[in-house]
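Student: Please model the entire structure based on the sequences and the hints provided.
Here is how the chains run, residue by residue.
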Amino acid sequence: MPGSPIDRFLKDPALTEQERQLLLRDFGLDQPLQVQFVLYVLNTFHGNLGISFRYYPSSVMSVIVSRIPWTLYLLGVSYSLSILIGVLLGAVAGWRRGSKVDMSTLALCFITRSLPVFWFGMVLLLIFSFYLGMFPSSGAETPGVTMDLTEHIYDVARHSVLPMATIVFILLGPPALLTRNLVADVSDEQYIYVAKSKGLPPRIVLFKHALRNVMLPISSYTAVLLGYIVAGALFTETVFTWPGVGRLTYEAVLTRDYPLIQGILLLTAVSVLLANFLVDILYSYFDPRVRHQ
Amino acid sequence: MAARDWRRVNEGLVKRGEILLDLRILERWDSELERMNARKEGGRYLYPGVFIRLLGYLRVLFHLPYRQTILKSYIRSLDRMGLRENAMLYRQILAIGIATVLIASFALPTQVCGAPQNILKTTTLLEDLTTLNPLVGNSITDWWVYMILYDRLATFAPPDLHLESWLAQSWEHSPDGLVWTIHLVENAKWHDGTPLTSADVQFTVQYVKQHEVTIWMDEVQDIVDVQAPDPHTVVIRTTMPLSNLPTYVFARIPIVPKHIWEKIDKPKEYGNDKPVGSGPYTLLEYKPGQYIRFGAFDGYWKGKPHVDEILAKMEIPMDVILMELKKGDLDMASIDTPYVPDVETDLNLKVAVSKGIYYDHLLLNTKRYPFSIREFRQALAYAIDKKDLIDRVLLGYGDAVDAPGGVPALDFWYNKDVTKYPYNPDKAKQILDGLGFVDKNKDGVRETPNGTRLEFDILNLAGYAPYVRMGDVIAEQLQKVGIRFVNKPVEWAAQSKACNERDYDVIVWGWTISPEPGQYLGQFTLTDTYWSFGEWHNATFNALFDQQKTELDINKRKQLIFKLQEILAEELPVLPIWTMSIIETYRLDTFTGYVPAAGGIGGIYNKVTWLNIRPVTEALATETATATTVSQVVEVIPTWVYAVIAILVVLLVSVAVLARTRRR
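Just so you know, the sequences run in chain order A and B. When you line the first sequence up against the numbering used here, it's residues 1 to 293, in that order. When you line the second sequence up against the numbering used here, it's residues 1 to 664, in that order.
The hints are simulated quantities; they were obtained by calculation from the structure and are not laboratory data. Just to be clear, a hint being listed does not mean it is correct.
What the hints assert, rightly or not - In silico SDA-like cross-links for lysine to any residue, where the CA-CA straight-line distance does not exceed 20 Å:
#1 B:Lys287 <-> A:Ile204
#2 B:Lys427 <-> B:Asp439
#3 B:Lys304 <-> B:Arg293
#4 B:Lys367 <-> B:Thr452
#5 B:Lys40 <-> A:Ile204
#6 B:Lys274 <-> A:Leu254
#7 A:Lys208 <-> B:Arg39
#8 B:Lys497 <-> A:Val253
#9 B:Lys497 <-> A:Leu254
As the list claims (entries may be wrong) - To give an idea of the chain A side of the interface with chain B (calculated C-beta under 8 Å), a few residues:
#10 Tyr56
#11 Arg67
#12 Pro69
#13 Ser99
#14 Val101
#15 Met122
#16 Ser137
#17 Gly139
#18 Ala140
#19 Lys198
#20 Pro243
#21 Arg247
#22 Val253
To be verified - So the derived label-pair ranges between C-beta atoms look like this:
#23 A:Ile204 <-> B:Arg24: 42 to 50 Å
#24 A:Ala107 <-> B:Tyr464: 21 to 29 Å
#25 B:Gly49 <-> A:Tyr228: 50 to 58 Å
Note that the coordinates shown come from a computational prediction; the quantities given were computed from them, not determined experimentally. C-beta atoms are modelled at their ideal positions from N, C-alpha and C, and glycine is treated no differently.
Tutor: Here's what the structure looks like:
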C-alpha cells in the first residue's frame with residue numbers, strides 16, 4: 001500500500017525533520033522489517049496488538065474494544081432477525097412455489113438486494129426521524145443525560161430501531177432465496193408426501209419436517225454471516241453515526257493506521273473461523289448422520 | 001297370579017328417557033374443541049362433540065336431515081347472531097393491539113428530568129480526537145479540544161487573530177532580547193481547584209524539553225531555561241532574541257499542571273483520560289467516535305461561562321447535520337457550500353461566513369524545466385483567473401490570495417502591496433512567446449525550443465472536490481494560452497510519495513497560515529524537508545528571514561515579513577490561489593453571542609466565542625434584543641395522527657384476520 005505510516009502526522013507543517021525522526025523511533029519503524037514482524041507475532045500472542053497510529057497513544061486493543069460492543073449488538077440482532085424473517089418468508093414462498101406469495105417474496109428479495117444501503121438508511125432517517133420525529137437521528141445513545149439502567153436500555157433501543165430496520169430489510173434477500181429454493185426442492189420428496197397423507201396440517205409438515213432437513217445449508221450461511229459481525233457495517237454506521245467497527249476500519253484505512261487495520265482484520269478472521277467451527281459442532285445436532293460418524 | 005305395579009307401568013309410559021340439552025355449548029365451544037384436539041394425530045376436529053350431540057337431538061326431535069337443514073343452517077344462524085365468536089380471534093386482535101402500542105410507544109422521546117437546560121450542541125468536530133493528551137495530539141480536532149480545556153499564556157483574538165494576553169497578563173523583555181519576564185494572572189485555577197502558578201509554566205517548558213515531546217520540540221529548542229522567582233512571575237532565557245516567542249510559544253503551548261504531570265514518566269503513552277486543565281470548561285464525558293461533553297468551570301479566572309455544557313458530536317454525515325440543525329438537535333455546525341441555499345430558507349438558522357486561514361496554492365517543482373524559469377512561472381500566474389476559480393469552484397465563498405505566506409484575514413501580517421498578477425492571458429502569451437515557447441505544429445499546445453510539448457501533470461487530492469475542481473478549471477484556463485495541464489487526482493499517500501521523491505510538476509496543495517507568520521515562511525529556508533517547497537532557495541530571502549527572527553520590534557518585523565512575502569510574490573515558487581471561507585450555521589432561537597473570527601467561529605484559535613455564548617433568554621433579559629425569535633411553523637406531526645394511524649393499523653389487521661377465518 002503506498003504511503004509511509006507516518007505520512008499522516010506530517011500533514012502538519014509544524015513538524016520539523018528532527019521531530020519526524022523522533023516519531024519514527026517511537027513507533028519502532030526504524031527497525032528492519034524482519035525484526036518488526038517477529039516482534040509483532042510475539043506481541044499478538046500476548047494480546048498486544050500494538051499501538052494505533054491514529055489514536056496514539058491508545059493501544060489497538062483498547063480502541064477496538066471501545067467500539068466492538070456496539071457493533072456486536074447492532075449486527076448481532078440485525079443479522080439474527082434478518083435470518084429468522086428471511087427463512088420464514090423463504091419457507092412459505094418455497095412451499096407454495098408459483099403462488100402469489102412466492103412471487104411477491106421473490107420480488108421483495110430482489111428489490112431489497114438492489115437497494116443501496118445508505119440510500120435506504122437515509123430515507124428511513126428522513127421519514128421517521130426528521131418528519132415524524134419518532135426516532136433520534138444519530139448516535140447510539142442520547143448524550144449527556146444520566147439515566148438508570150432501564151432508561152438507558154430504552155434509549156439505546158430507540159436509537160437502534162432505524163439502523164436495525166435498514167440492515168434487516170436489506171439482508172432479507174439471501175436467506176429467503178436460499179430457503180425458498182431448498183424448500184421447493186424438498187417439497188417433492190417422498191417423506192413430505194407421506195406426512196401430508198397422514199393428515200398433518202400443512203404448517204406442521206413445513207416447519208417440523210421440511211424445514212428441519214434444509215437447516216444445514218442455512219446454518220452454513222448463518223455461520224459465515226455471524227462471523228462477519230465483528231467486521232461492522234460501514235454504510236449503516238456512517239449514515240446513522242453508529243460508533244461501530246465498520247467506520248473505524250474505514251478511518252484506519254484512510255489514515256494508514258496499519259496496526260489498527262491489522263488488528264481488526266485479525267479479529268475478523270478469528271471470528272469467522274470460530275463461527276464456522278461452532279457451526280460444525282452444531283451440525284451434529286441437526287444431522288444425526290454426522291453424529292454417528 | 002302376580003299383581004302388576006300399575007304405578008310403575010304408568011310412570012314408565014310418561015317418562016321414556018332423558019335428554020340433556022346443555023345450552024352452554026356456546027361458552028364451552030373453544031375449550032371443548034381444544035380438549036378434543038389436544039392429542040389428536042392428523043386433521044383437527046372442527047366442531048365440539050357436544051355440538052354434534054345437540055344436532056343429533058334436533059334430528060330426532062324435529063325429524064330434520066343433517067346436511068341440508070341442521071348443520072349448515074344452524075351454523076349460519078349462529079353466525080348471524082354473532083354467537084359463535086372465536087375466542088382465538090379475540091386473542092389475536094389483542095396481541096396485535098399490544099404490539100402496535102409497544103411500537104408506537106417508541107415514538108415517545110426519553111422523558112428525563114433534571115437535565116441542565118443550557119447545553120450548546122455543536123458539531124465543529126468532523127472527525128474523532130486522536131488523544132486527550134495535549135502534548136501528543138496534533139490534529140485539528142485535538143487542537144480545538146485542547147483550546148477548550150487548557151489555557152495558554154497568550155491567545156489569538158478575533159477578528160483577525162492578533163495576539164492578546166491571556167494567562168500572561170503582561171510581559172517584557174530585556175534590551176538584548178535574551179531575557180523575558182512574564183507576569184501571570186493571579187487568580188487562575190486548575191480544574192481540581194489548585195491555583196495555577198509560575199511553577200506550572202516552568203514545569204511545562206522543562207517537561208517538554210526533558211521528555212522530547214515531539215510536537216513542541218521546535219518551539220522550545222531556543223529556550224535555555226525557565227525560572228519561577230515568585231508564584232506569578234516567569235523568567236525565560238533564550239539563546240537569541242526571538243521575535244516569535246509570544247506568537248510561537250506563548251500562544252500555542254498549553255500549560256499543563258505540574259502536580260499531575262510530574263508523576264508521568266512517559267508522556268507519549270499517557271492517555272490523559274481525566275484531563276486537568278485551566279481552561280473555561282472541564283471534560284465531563286468523552287465517548288470515542290460519538291461525542292465529547294464539556295462542562296462550564298465555575299472557578300475559571302475570567303468568570304464562569306454562560307452555558308452549562310457544550311456537547312460536541314462528531315462524525316455525523318453532512319445531510320444528517322442539516323437535518324439535526326433544522327430539528328433543533330444541533331445549535332451550531334459548520335457546513336459545506338452546496339447546503340447554504342437550503343439553510344437560508346429556514347428562518348431559525350443563520351449563516352455565518354468567516355474568512356479562512358488555510359490557503360491553497362500550486363506547488364511548482366522549480367528544479368524541473370521549464371518551471372525553473374521565473375518568467376515562465378509568472379506567465380502561469382497571469383494566465384490563471386483567480387476570481388473565476390473562486391466563483392466556479394467555491395461558489396464565491398473564498399478570497400484570492402496574492403501574497404504567498406499570508407492571508408487577507410490575518411490583516412496585520414498580510415502585505416497587500418506585493419507584485420500582483422491580475423488575470424491577463426494576452427500578457428501571459430506575450431511572455432511565453434518571448435521565452436521561445438511557441439506552438440510550431442499548431443496543435444494548440446506550445447513547445448519548448450527543443451521541441452517538448454508544454455504538457456504537465458497537476459496532482460491533487462482525489463476525493464477532495466475543491467482541489468480536483470481547481471485542477472480542472474486551471475487546466476481549462478491554461479489551455480487558452482497554449483499550456484496543457486493534465487488534471488491527475490491521486491490518493492494522498494501517492495501524492496506525498498511524489499512530493500518526497502521530488503517527482504512531480506505541479507501539486508495543488510494547502511497550508512494553514514498561522515497567526516505566527518514565520519511558521520510558513522520559514523519552510524522556504526529549509527534545505528532538506530520532507531515537504532519539498534519546489535526546491536527553491538534564495539540567499540536574500542534566507543538572510544531577511546534570519547533577520548526577522550530576531551527583530552523584536554513588531555513594526556520593524558512586519559516590514560521584514562512584508563519584504564519576504566514580496567520576494568515570494570516576485571519569484572513565485574508557489575502560486576497562491578485562494579483561501580476558502582468557512583461557512584457555519586447556528587440557530588437563532590437557542591444561543592447567541594457567537595464571535596466571528598478568521599478561521600471560523602468554531603476555529604481552532606477562536607477561544608473567545610466559547611466564553612461569550614449565552615442562552616438567548618438570558619441575553620434578552622439584559623439587552624433589548626433585536627433578534628426576532630420567530631417560532632417558525634415547522635412541520636410537526638401532532639400526536640393525534642399517531643393515534644389515528646395506530647387505530648387504522650389495528651382495524652386493517654383485524655379485518656384481514658377475520659376474512660381469513662370466515663373463509664373457513
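Student: Run every hint past the structure and note whether it holds.
Tutor: Structure-based check of all given hints:
1. B:Lys287 <-> A:Ile204: 50 Å, violated
2. B:Lys427 <-> B:Asp439: 16 Å, holds
3. B:Lys304 <-> B:Arg293: Between Lys304 (chain B) and Arg293 (chain B) the Cα gap is close to 16 Å, so the pair holds against 20 Å.
4. B:Lys367 <-> B:Thr452: 17 Å, holds
5. B:Lys40 <-> A:Ile204: Holds, at about 13 Å.
6. B:Lys274 <-> A:Leu254: 29 Å, violated
7. A:Lys208 <-> B:Arg39: With a Cα-Cα distance of about 17 Å, the restraint between Lys208 (chain A) and Arg39 (chain B) holds, given a limit of 20 Å.
8. B:Lys497 <-> A:Val253: 17 Å, holds
9. B:Lys497 <-> A:Leu254: Measuring from Cα to Cα gives roughly 15 Å; hence the hint holds.
10. Tyr56: 6 Å, holds
11. Arg67: 6 Å, holds
12. Pro69: This hint is violated: Pro69 (chain A) lies away from chain B, its Cβ roughly 12 Å from the closest one there, beyond 8 Å.
13. Ser99: 15 Å, violated
14. Val101: This interface hint is violated because 13 Å lies over the 8 Å limit.
15. Met122: The hint holds - Met122 (chain A) has a Cβ within 8 Å of chain B, the shortest such distance being about 7 Å.
16. Ser137: 5 Å, holds
17. Gly139: 6 Å, holds
18. Ala140: 7 Å, holds
19. Lys198: 6 Å, holds
20. Pro243: Because about 4 Å separates Pro243 (chain A) from the closest Cβ in chain B, which is inside the 8 Å limit, the hint holds.
21. Arg247: Hint on Arg247 (chain A): holds, closest Cβ of chain B at ~7 Å, below 8 Å.
22. Val253: Not OK, violated: Val253 (chain A) not within 8 Å of chain B, min 11 Å.
23. A:Ile204 <-> B:Arg24: 42 to 50 Å: 32 Å, violated
24. A:Ala107 <-> B:Tyr464: 21 to 29 Å: 41 Å, violated
25. B:Gly49 <-> A:Tyr228: 50 to 58 Å: Holds, since Gly49 (chain B) and Tyr228 (chain A) (Cβ atoms, about 56 Å apart) stay within the stated range.
The structure fails hints 1, 6, 12, 13, 14, 22, 23, 24 (numbered hints given earlier, in ascending order).
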